[in-house]
Amino acid sequence: MDGVGPLNLDVARRKANAVVNLGVSTAEMLQMISRDQLITTVLHSEPSIVMLPGGLPIREGDQLVGAIGIAGGFYPQDQAIGEYAVGG
167 MDGVGPLNLD
177 VARRKANAVV
187 NLGVSTAEML
197 QMISRDQLIT
207 TVLHSEPSIV
217 MLPGGLPIRE
227 GDQLVGAIGI
237 AGGFYPQDQA
247 IGEYAVGG
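In our numbering, the protein residues as written are 167 to 254.
Keep in mind that the hints are not guaranteed to be accurate.
FRET-style restraints, in silico, Cβ to Cβ [what the hints assert, rightly or not]: (1) Val190 with Ser211: 16 to 24 Å; (2) Gly171 with His210: 18 to 26 Å; (3) Gly253 with Thr207: 29 to 37 Å.
In case anyone wonders, no lab produced these hints; they're calculated from the structure.
By construction, the Cβ of each residue, glycine as well, lies at the ideal position given by its N, Cα and C atoms.
Based on the sequences and whatever the hints tell you, model everything.
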C-alpha cells in the first residue's frame, strides 16, 4: 500500500507465514487460542509469525495452497482487505 513503511512488508510476510504454519487465518487462530494463555503466549512470542488479523489462507477446495498477509492499516482493515482479496 502506498505510504506505509518497510516494517509493514515484514508484518505482512509474518502474517502469511502464520497462516501457512497454522492452516487457518490469523483472525481464526486468535479466536481459537483466546482462552488458552499458554498457547497465546507461545504464539505471540514466535518471531517468525504475527498473530494479528490480516493473514488469510488461499485454498483450492479444501487444500491450503498459499497465504496472503495484509499490513499497513489498522488490523480490522487488513483483515477486510485480505478477505476481499481471497474472495471470502
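Consistency of the hints with the structure:
Checked against the hint of 16 to 24 Å, the pair Val190 and Ser211 passes, with Cβ atoms roughly 19 Å apart. Look at Gly171 against His210: about 22 Å separates their beta carbons, and that is inside 18 to 26 Å. Between Gly253 and Thr207 the Cβ separation comes to about 33 Å, which falls inside the hinted range of 29 to 37 Å.
Comparing the model with each earlier hint shows no violations; every hint is respected.
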